[in-house]
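Novice: Listed below are the residues making up each chain.
There are 2 protein chains.
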Amino acid sequence: MTKYVYLFTEGNAGMKNLLGGKGANLSEMTNIGLPVPRGFTISTDVCTRYYKDGKVIAEDIQEQIDAALATTEEIVGKKLGDAKNPFLVSVRSGAKVSMPGMMDTVLNLGLNDVVVEGLAKLTGNAKFAYDSYRRFVMMFSDVVIGVDKAKFERKMDAIKKEKGVEFDTELSAEDMKEVLDAFKKLYKDEMGTDFPQDPKVQLKEAIQAVFRSWDNERAIIYRRINDIPGDIGTAVNVQEMVYGNMGEDSGTGVAFTRNPSTGEKILMGEFLMNAQGEDVVAGVRTPQEISQLKDTNKDIYDQFITIAENLEDHYHDMQDIEFTIEKGKLFILQTRNGKRTATAALKIAVDLVAEGMLTKEEALMKVDPKQLDALLHPTFDTEMLKEAASIAGGLPASPGAATGKVYFTAEDAAAAHANGEESIILVRLETSPEDIEGMHVSQGILTARGGMTSHAAVVARGMGTCCVSGCNEIKINEEEKFFMIGDRRFTEGDWVSLDGSTGKIYGSKLPTIDPEVTGDFAEFMAWADDVRTMKVRTNADSPTDSATAIKFGAEGIGLCRTEHMFFETDRIRAFRQMILSETLEQREEALKNIEPLQKSDFEAIFKVMKGLPVTIRFLDPPLHEFLPKEKDDIIELAEDMGIPVAQLEAKIDDLHELNPMLGHRGCRLAVAYPEIAVMQTKAVIDAALAVSTEDDPVVPEIMIPLVGDVEEFKYVKKLVVETADAIIAKSGTDLKYMVGTMIEIPRAALTADEIAKEAEFFSFGTNDLTQMTYGLSRDDAGKFLDDYYSKKIFESDPFAKLDRKGVGTLIKTAVKLGSEARPGIKLGICGEHGGEPSSIEFCYLAGLQYVSCSPYRVPIARLAAAQAVITNS
Amino acid sequence: MTKYVYLFTEGNAGMKNLLGGKGANLSEMTNIGLPVPRGFTISTDVCTRYYKDGKVIAEDIQEQIDAALATTEEIVGKKLGDAKNPFLVSVRSGAKVSMPGMMDTVLNLGLNDVVVEGLAKLTGNAKFAYDSYRRFVMMFSDVVIGVDKAKFERKMDAIKKEKGVEFDTELSAEDMKEVLDAFKKLYKDEMGTDFPQDPKVQLKEAIQAVFRSWDNERAIIYRRINDIPGDIGTAVNVQEMVYGNMGEDSGTGVAFTRNPSTGEKILMGEFLMNAQGEDVVAGVRTPQEISQLKDTNKDIYDQFITIAENLEDHYHDMQDIEFTIEKGKLFILQTRNGKRTATAALKIAVDLVAEGMLTKEEALMKVDPKQLDALLHPTFDTEMLKEAASIAGGLPASPGAATGKVYFTAEDAAAAHANGEESIILVRLETSPEDIEGMHVSQGILTARGGMTSHAAVVARGMGTCCVSGCNEIKINEEEKFFMIGDRRFTEGDWVSLDGSTGKIYGSKLPTIDPEVTGDFAEFMAWADDVRTMKVRTNADSPTDSATAIKFGAEGIGLCRTEHMFFETDRIRAFRQMILSETLEQREEALKNIEPLQKSDFEAIFKVMKGLPVTIRFLDPPLHEFLPKEKDDIIELAEDMGIPVAQLEAKIDDLHELNPMLGHRGCRLAVAYPEIAVMQTKAVIDAALAVSTEDDPVVPEIMIPLVGDVEEFKYVKKLVVETADAIIAKSGTDLKYMVGTMIEIPRAALTADEIAKEAEFFSFGTNDLTQMTYGLSRDDAGKFLDDYYSKKIFESDPFAKLDRKGVGTLIKTAVKLGSEARPGIKLGICGEHGGEPSSIEFCYLAGLQYVSCSPYRVPIARLAAAQAVITNS
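Chains as they are written, first to last, in numbering that gives the first Met the number 0: chain P, 0 to 872; chain W, 0 to 872.
Some hints could be false.
One copy or any two copies: either way a pair holds, since identical chains are not told apart in the list.
[Unchecked claim] With a straight-line Cα cutoff of 35 angstroms, these simulated DSBU-like cross-link-like pairs (lysine-lysine) come out:
1) K359 - K83
2) K480 - K508
3) K184 - K126
4) K630 - K2
5) K790 - K681
6) K782 - K591
7) K51 - K630
8) K790 - K729
9) K825 - K800
10) K609 - K338
11) K713 - K51
12) K369 - K628
13) K54 - K825
For the record, the hints were derived by calculation from the structure and aren't laboratory data.
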């Protein structure tokens, strides 16, 4: 028979999968002799069974629950529903991974009209008894039946007003009974039946409610954001109630064994005498500093200090401990590894190693790589945020905090910047490559459309600029330069603030805090570098980005997009002339003007990279992306080029595509216009010759994008090799270079053996590969993916977290076929997934040699690559 | 040592791969004792080597050529370059598959300034000698050097004019020498050197020129159209010259052993005395009927009749024979299976079985399935076509011939039709579902954009209407209702003609011939049905299409697209209201109006299909496809719906997608709007209940499109099953139905094991699967695929012929994973490839149980499915 229910004396800290974090720790503490209120844990398997069985608790499980309850009653010496000696319990969720506040809890369960009187007699505290019962009625109604808490609170407020009191504590026992009666009446009004009096029924209902809360909407969203699987379920803990509100010799509190903001080794926390835990949270009374407990009750304080130290020693990590004092007796209700800021996480990890509590490998596992982001970007002052309500939300596309005045076009933003404005938020329906300059001068970018890998998101991350994308709630009128959020209208110059790490948008100016990188960071990252086996490169298109990435520890460039160079004002003209050429001669003429610009760009990048590998991707986007869209711009360009507007419009129309993502782009451009590939080869090789030295030889890696058939690759490679070899021969040097390809089309992965015979390296372009494997446009999916999350079809955004089943299978296929055809072939990833920890672990398991990500994600990738080694060793 | 060169005495008819069709047949005829001019064949392997070695003949091969030449000289008793007894040869291409006129030929090789005099002396015919030499100079220059023939012909014309004669035959020997000298001078002017005098050099150059001609542009195009691989190469035949122009006892001719137009068993052909083969083609003199040869030379005639009969017996097929009479001696220059019309192909196949010459299986292999198309569609009178030059070309998107007046909008076409116009050609930039009605009334459809699987192409094939798509050469101004081809302007009412089987466009009215289906067709197709193992279904969306398909032998519907039903005027309004609903209530209200329409459509289809399986695909296209695009239509719709125009425009804008092919469509619609799937389920099940009888029980197959993850399928399946089961339970019947999915997204194929656990059938949607596997939009690819063909990157259009390497691998993966997870799972294909013979063979090999194609392709599929069995048995 499967064991579904565990007494706290039967579990231990190693059983988190089965008992959840809370349950496992309650068992562990019980077993090391700490004063833990007694109880039992219903395992996570029951949650899975509950859903599988159609949201019922199966009989065999119910029997085990009943048995565990009976045993606990025996140990405690009280009985559920016994008016003379009532057993009261809490019913709490507890998943493997902590999801604070996401699921439901019921306290004081076991009270009914009879028991409450017994409790009053037993404790000699009628007010306490009625207060406990009315709290139970409210919580039960909220959690089990779904009656809004606020309705109860309004009743309570009305009675307080009637009695002329401000605080609950001022109510008499009689008053509290009046509140209780009002609550029970509200229950009956809502449900049509009396409040359930059978404690067993109460317990059964409460347990089911907690299981149901696993799948409430906020829990689903929390899991998606925090990358927690949806099928692990929660456990339920049924535990003896202890009361901090039994008088001045009772109390409740929370403490961290180290400062969760700074990491300093000092006990931090607060407590409140004669209160229940929820009172601390509600903030009705101001809690006291934990150190003051010494003065209130030295014995208890000393006991708690010892327990706190023991728990930290026991768990080898900073603990977040909840305790209650009932009539002078200390109980530990919960301990868990405490949440902490990025700075604190690093300091604690480094300190714990210094203190001999952790090995370096263990310390590396203690820091969530995604947290490192916060170290590199400005953040909002968390205190200030408490007061500022967010007015809308979008996708957290590029982390950091930004506050500034809104502008609606890249030109306006650039003009404001030129006039000395330093706080600019660019607000666009969606950005296009033309907006680059305006994006550069902005502190933050907000778009109404586009996903995590939209143009705005990708470019912003590359720049390290805060970006919130795909915010469906804002309605932008770009022409008239305003946007609406609900009824609120924002025009040019209005202040807004963006949190690129949460996706929240605030309708006012909010102060930001600049990032601070400590010595702990360098030390910690050095450990990660020692452990990891994969190299970490960066996606960078400019010398500035490259230098940033080097600073963050990048070991090369995995993706240098050559087209981004073309959007600067002085170049776009030449590039447009090239696109709009009608003849080969015109195009070659235009290319001649572009070549020296490309060469100088590459030279500058090679110089920064000092001999580190640089992968240069040849022209990739469809040509129409480079053409003006607004009538005014078209007229200007036509005048510039000395051609009729109608002719230019016809040409632009001709380049229009129904599905540009599947259109004339990537190597398909080089097939149609070989002269572009030839020009780019010349620029790369000439630049390499100019910069390469004996000490830092430059070995450019030329990457052909969007290959789907080996014949495409062969065609372009031939152009590259013939051009490059001719230049190198003429130079008299022996410059080396490589020619490889992106694997970003399913067919390329499926025919990787053929391609590897020709290509010297593969770089997985997982943005496109994900789009095509799913048949899902990253720019359009934002509109309907919310439905996918809320209906539990997708657990996470496949553009953010690599899909191992589908896309991963293609990558593994390509690695296998490619390695067989060309043993030792260079393998990397340059899609956005290259900076996402779970995807990085996949890359490690798939046998890639490096990951490449935007500069600000390089530290994340370094740590994630190290964790991948540790987790899988 | 590899043998590269074969004397005609060394080969046989079985060696077509190595010797090409012509070479193998020359050997075969030699060996069965027919009078074949002697010579040797340079194998197709040499062609491959030639290209691999960088377009040179390797030394080892040259040695074999020299040896074979020497042996042949010995047998013939003449020597190349020997003025006293000159050996003159022809050098001809000959691939495994006949590619008439696509590659090059050089005749009279071996002549030079000395030999020509010897030949004059030897034959006593100076004019013949000079004529032969001047022909050689012209052909050599054209084929080897690339000097245009026309330049020579102009010289000749000038001399004839000067001499005051009309025909070549009227020139004297002296005149002919003058022509020769002029030709040699032209050669020197063009090349800067004298015409090469060394016959060995001539031979070497000519052989290489023939190999080069394998890759000339017209050969590449011919291979693509006729589905001939590009890597098999051509052989080269070097053969003793025989002359039909040595006087009145000489002649040349061509004959078919049966009538190639009708298939009638009667010798058909023509001959010309004192002439060379090219003279017959040139049409300078009118050839005589082959039967008249009896009067000219009874002996030769009888000899030829015997040979012709023997050859047909020998090859078990109708033969196309070329012969030459040199001074009263008959030579057979070539025999091959004759090209024939579809009607003739069927008659000959049926007759040959009746005559005991072929088994039914052999007969089935004699007809190209694609030819059957011509039997079902109107065609142009081939005689008329000779005079009408095509003015542009597009993709042969839907076969048949059409002639009519051009109209530029579906409305104009419909209006013209209502006014009694019966010849309508609808000309559009591209069609959209809104154009359906206009397409219905048109005889032909011409689009400037879109590929073989564009909307226009797919719909036209379904209707059996002629369509030429993606014609880049026409520039349409839809607004002003005209289009240009070059400088020629066509406006409404101008006549054009389209050949949907070749893609050619003619600028005038051309008579068409209606199709005629013979009894041979039924007999022949019955044999195919006996042999094939795969079922053939049809893609049909209406009772009319379904009835057509049944007539052509369809055994069910593999794809019924429910959305096509919505485009009719009386329905589009309700459908648009559904799309534009802001609330669930509005949408459900609109769906209520649609449900009875869908139900009655399904009822009508079920009635036609009489219990045969019908697969109904739920709503698939992105919703914005159903919305009006023109301002006028938007205003009208807004008025209809009683909402402001701006609001409607905002909604339409909101539905806009950057890449609709990868957007909110397929099952993603059902996830967002479950009420649509519920409505469609009700309509299907109610219709089935209404039509199903005990004898013809209806078992609808509900197909969920665009599934990429099993969770999507599960979500929609649950809606379907709950809705269907409730209705069926209420009906008190035991109606059966199936719920399955399309496999059209790479990820679906890669995770087919998971999906098959839930889905009762897979139908491969290879249009989308090809798009996504290649990352190639079928609507946009037309613009650049021509570059892919001419640069030899693609050999064929992957949307027309299934890509076995990439797409095929995914299909095989899905078949394997799906069959393992659900043994016996129903597997079919409903993409356009389901009607293409090579793809059908792949489906057979992959283990699919049926193919589904448009009604007019059903006979093709039936034959191709039979051929797949025979070829692979």
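Novice: Against this structure, judge whether each hint is valid.
Specialist: Evaluated hints:
no.: 1; hint: K359 - K83; in the structure: neither (56 angstroms within a copy, 97 angstroms between copies)
no.: 2; hint: K480 - K508; in the structure: within (20 angstroms within a copy, 56 angstroms between copies)
no.: 3; hint: K184 - K126; in the structure: within (19 angstroms within a copy, 125 angstroms between copies)
no.: 4; hint: K630 - K2; in the structure: neither (72 angstroms within a copy, 68 angstroms between copies)
no.: 5; hint: K790 - K681; in the structure: between (52 angstroms within a copy, 22 angstroms between copies)
no.: 6; hint: K782 - K591; in the structure: between (43 angstroms within a copy, 26 angstroms between copies)
no.: 7; hint: K51 - K630; in the structure: neither (59 angstroms within a copy, 53 angstroms between copies)
no.: 8; hint: K790 - K729; in the structure: between (63 angstroms within a copy, 29 angstroms between copies)
no.: 9; hint: K825 - K800; in the structure: both (23 angstroms within a copy, 34 angstroms between copies)
no.: 10; hint: K609 - K338; in the structure: neither (40 angstroms within a copy, 67 angstroms between copies)
no.: 11; hint: K713 - K51; in the structure: between (53 angstroms within a copy, 14 angstroms between copies)
no.: 12; hint: K369 - K628; in the structure: neither (38 angstroms within a copy, 45 angstroms between copies)
no.: 13; hint: K54 - K825; in the structure: between (51 angstroms within a copy, 33 angstroms between copies)
Of the hints listed earlier, those the structure fails to meet are numbers 1, 4, 7, 10 and 12, in rising order.
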